[in-house]
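Asker: Chain residues, written in single-letter form:
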Amino acid sequence: MTQSLEDRFFSSDPAQRQIARSLYKRVKDLPLVCVHGHVNPAMLCASNYDWGTPVDLLIIPDHYIFRMLYSQGIMLEELGIPSKEKGGHLATPDHRKVWQIVCDHWYLFRGTPSSLWLRDELRDIFGIEEKINSANAQKIYDALEAKLHNPEFQPRQMFERFHIEVLATTDAATDTLHYHESIRQSGWHGRVIPTFRPDMVVNIDAEHFAENIQRLSQVSNIDVTSYPSYIAALEQRRRFFKEMGATATDHAAMTAYTEHLSEREAEIIFQRALKGQISTEDARRFTGHMLLEMARMSVEDGLVMQLHIGSYRDHNSAIYEHFGRDMGADIPVASEFTRNLKPLLDRFGREDDLTIVVFNLDETTYSRELAPLVGHYPALRLGPPWWFFDSLNGIRRFFDNVVETAGLYNTTGFNDDTRAYPSIPARHDLWRRASADWLAGMVLRGIIDEEDAHEMVVDMAYRLAKQAYKLES
Amino acid sequence: MTQSLEDRFFSSDPAQRQIARSLYKRVKDLPLVCVHGHVNPAMLCASNYDWGTPVDLLIIPDHYIFRMLYSQGIMLEELGIPSKEKGGHLATPDHRKVWQIVCDHWYLFRGTPSSLWLRDELRDIFGIEEKINSANAQKIYDALEAKLHNPEFQPRQMFERFHIEVLATTDAATDTLHYHESIRQSGWHGRVIPTFRPDMVVNIDAEHFAENIQRLSQVSNIDVTSYPSYIAALEQRRRFFKEMGATATDHAAMTAYTEHLSEREAEIIFQRALKGQISTEDARRFTGHMLLEMARMSVEDGLVMQLHIGSYRDHNSAIYEHFGRDMGADIPVASEFTRNLKPLLDRFGREDDLTIVVFNLDETTYSRELAPLVGHYPALRLGPPWWFFDSLNGIRRFFDNVVETAGLYNTTGFNDDTRAYPSIPARHDLWRRASADWLAGMVLRGIIDEEDAHEMVVDMAYRLAKQAYKLES
Amino acid sequence: MTQSLEDRFFSSDPAQRQIARSLYKRVKDLPLVCVHGHVNPAMLCASNYDWGTPVDLLIIPDHYIFRMLYSQGIMLEELGIPSKEKGGHLATPDHRKVWQIVCDHWYLFRGTPSSLWLRDELRDIFGIEEKINSANAQKIYDALEAKLHNPEFQPRQMFERFHIEVLATTDAATDTLHYHESIRQSGWHGRVIPTFRPDMVVNIDAEHFAENIQRLSQVSNIDVTSYPSYIAALEQRRRFFKEMGATATDHAAMTAYTEHLSEREAEIIFQRALKGQISTEDARRFTGHMLLEMARMSVEDGLVMQLHIGSYRDHNSAIYEHFGRDMGADIPVASEFTRNLKPLLDRFGREDDLTIVVFNLDETTYSRELAPLVGHYPALRLGPPWWFFDSLNGIRRFFDNVVETAGLYNTTGFNDDTRAYPSIPARHDLWRRASADWLAGMVLRGIIDEEDAHEMVVDMAYRLAKQAYKLES
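Residue numbers (our numbering), protein chains in the order written: chain A, 506 to 978; chain B, 506 to 978; chain C, 506 to 978.
Certain hints may be false.
The list makes no distinction among identical chains, and a pair is therefore deemed to hold if it is satisfied within one copy or across any two copies.
SDA-like, lysine to any residue: derived pairs with alpha carbons at most 20 Å apart [as the list claims (entries may be wrong)]:
no. : residue 1 : residue 2
1   : K847      : M759
2   : K847      : S822
3   : K847      : D831
4   : K847      : G578
5   : K589      : I579
6   : K636      : E960
7   : K847      : T760
Calculated from the structure, these hints are not laboratory results.
Working from the sequences, and respecting the hints, build out all of it.
Answerer: The structure is reproduced here in structure tokens:
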């Protein structure tokens, strides 16, 4: 009667399920191309990495999980989330108790992607088949703890077992990439590449902007005192990242606003920023201008440009003050692309060799603005559903709203975008199943034929991401 | 071949229908928790209430119905809607003729929730199984008229037959609640509780604001001449409502804008308002400030705070002028929550004992703003789909867009929000069937298991509303 | 296993498919009522029309197709799209090579409506059953070329074979309608009527506005030197269009902004416009005012008023400069109707004999603004999904989001809105199938019964459009 886990995420219609199965079979064992994510490269340096406890592994790095517990009145302190003031783990609660709290409240996650990722991860990676609950919490904790000390569960062993073809990390522009260097020199064959993320030296309203620029001077060996030296330093960093294997950059902005400033205007605002004397308007214009500059550099150096638009970061002031960033309090805002991207597209939209991949958190823009834009401009591609929308319904809405206008080939496949390393296979698997099921529905309604569907499912699972991120060679 | 009415609103997929049936069976006879609505308490005072004609019962109070007829060129006067000038029922048309007009045009409602509610209400409450049409209009009128004179169809008898556990009305802050008092003293055991709705004394651009404040002075026994006395009077009314059984307040605003004013600023605007000298900006800021004040009072007195955001009231000027408010001419506008609610949430969002239930008419905010917000802030919950969205598709979109990010447990179950008293069971039934069917789909796709679904369906039908509105005791 | 083409676009659920089939059978052979579109009337003048090559027929006029190829790096020049500078076809590529490029890249259209329309058109009109690909490109070209020289494929023969009852073209206010006149005088019985589209003489920021006004003076025989003479000239043109069979007007605007200007204000702005000295604000206000004026004229002359809102035209500056308008670079923007249309609706919304049909490109407004508005105002109707949304998912979203609130009878059926003449039957067929399938789903879920569905499917396919556009006589 009910769906077996082998057929999970497929339609209950027998005809659709049968086609979905056959499409999924085609892709389920393809290598994972992890083109965008937040895995810590440090864990892949050492051949003897210490995961800490199951809570260190599964709860503390996962803001999807602790934000939900917080929303129901559980304080972050109770969950062992390190606060800023205390310098980290002071007065850390017993992780066994934290795990018990999580399991006692696991019903909160019913119907959420977190519950699916963790269920599939526990079963497929750690061999734990039981549904977690209050009664079995400690038993599962024991089982996890044992596994984490097992050499098979070392990050590099997982990398190989997961069949990861390439893993891109996301790294500050000022990062020395010493972990990446160390991985390279270790002789290990896993392909781990950096991604150039300059937000902290580009968004002039970032905390400690002047210090970040000092750091930029140091790592680039260019004394950044003016707008031209600033641009030179950024170009130096991009060259370095590219030498270290990067094929892409990544840029976050609350809005997609772009504007070209004259060099004089840019210099004036930059100088104000160094002195910490900027207005909100300055920040908006400078960020908008730097998106143009980064596109110009991408035309020159070939790095794929990722834009992540629409998150109001650190919305909960008290949480930000005590715990810092990335604490599950980033909330989307409505976005506009048609007008905001016009200055960028007028300059670089027709550059055939440029690839700008846009991500956003306002699903209304899929069919209204983004699909028409990527369905026209050669330089523009649409990234997969991001963040809250990296879910079964989110993925379905993405396909349904985007493909009719943009076509599949102006999208860029999947990226897992996660710091939860052992959840990577579960995330790709959910995408692959959702893709197969969606295609099966199209076959049955006579929109595409099975021949097309069999090509498309491989494109969605593997090829599109690899092509878009220039990982072919 | 076609769906029997017993299985109405369920998927046609046999596997899904079977699970939906079993889930629905679990909840179909649970008591009705009517936490928010607009039933007139007067009808529950008397043991001998006069319903008037079938048109008085079913058409005149139902702006969903007469707005649709109006949209197709039938004047409100033809339908017996009382106009303001004429002091009500002057020159009322023959209600039999009105009923005939309604039945002649009933095809207009094909596919609308109004048609489902009325169909189910006529069948289940009044025993009328025929589909209404021009030919049987008078026969159905006769049948309804006969029932309305039958003691079994008295409001209290219906209350008991409907299995209503609690019914919350919505009452002006200046209401003396004498009907509620009278129900209490009558010895009848039905639980009917008021809800504190202060819009007319808070929205300073309301018609007759100064008179409303005079009325507030009278009922509170506090001479409201200043901002502090105004606040004291509001607090007095809240205490009184709470004594009369209220567990919640309700606030309507066109936008979710919130702002904290200093006491001095609040006083200045309040004095201007008493003199009728406010600007649009004054009204916006004062309403935004009072939402903060009301949240502060809720922290103190424990009343649940409901926010209904996003309706442009009385859009049709001529209809408003001749017929007044609530005439089917309220039209939604786009809403923004992420920025607008920040001042409120920075102050009170972490209050664990506070419950703010948000309702809105802009479905795009479900996944983009509201689900992320209620999935983070302890004080925030999301109310069920409101008004135009209290429909089969509206409910499905709500679940599909909200639960993945917010979880089910940051939502608040159902409320019927109606003044159409005999339609209450049909409305809850539609919600319960839609919930069961949605859960069945999730079971079949391996997202939740049947054990979870059986708990969730009870939560959705009964528990969540009761908990959110603090009706447990 | 997979869907046969006879059942294309229907659900895979056997019960739903069976009902859908029976509903579709009812409407598949009904005449086509083509109430809005862009067919060139010239082709229906001659009894010996030269289609040119298959590329002239299928690719060059279809911006849906060449924008997608352009988005993947194929230049418009390569596709034979005539540029402005070169005065058209200079250096036109070999159309056989263009066709080969199109077929080589046909995979780009997988899942798009373009692929469905072309597939069905090739099969049903031209008898080509093969899926197009690189290998069979030239063979298909040959087959198409042969057909185009066959008298059976003359436009008038197609008109009759397509069973077109009426075809409305869209024509500039300054058009002399000589093609329409010529069709009338030819003795051919096909009903081809013009539509009055005054954008070029109303949107004062249009290129060459003053010249357009000169042309208006010429064709109207009214010397347009002032606002009153301008209005008189427009009224003259409307009378002329009506005499030539027009039943409707059509107005495009980026936003739905409406405002009533005094005659004095209108005159001042109009004079500035003649001198080419307007501001953006002038243009916005004048367009908003002229929408009111056009509604006033419609009340007087009975022409149905169509509003197409929300397209940012000619977004790609370089493409506009080299190739001109309608080059696949029109991108939607977010729209607002509740506030913007209020001035118009306050004046004319209650006019029972007036019909304003709104089209838009922001699907979020369907359920939030447009369905509530058309579900209330007698003068307002909602047009079918437009442009990017005239697709299977777009149509389903339209029905799901609109009908619950607006009812079906405040919508206006289908229009094909195309300049791709031979694709007309495929477009109507897709709509009819989508309607039948949607109704079948409603029957199975007990929302409507089969009796209702059988009436509704005819309304959707035929009656609603005919009634809304006053084509009954």
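Asker: Each hint needs a verdict: does it hold in this structure or not?
Answerer: Hints, one by one, checked against the model:
no. : hint           : result
1   : K847 with M759 : both (17 Å within a copy, 16 Å between copies)
2   : K847 with S822 : between (34 Å within a copy, 9 Å between copies)
3   : K847 with D831 : between (31 Å within a copy, 18 Å between copies)
4   : K847 with G578 : between (44 Å within a copy, 19 Å between copies)
5   : K589 with I579 : within (18 Å within a copy, 53 Å between copies)
6   : K636 with E960 : between (36 Å within a copy, 15 Å between copies)
7   : K847 with T760 : both (13 Å within a copy, 18 Å between copies)
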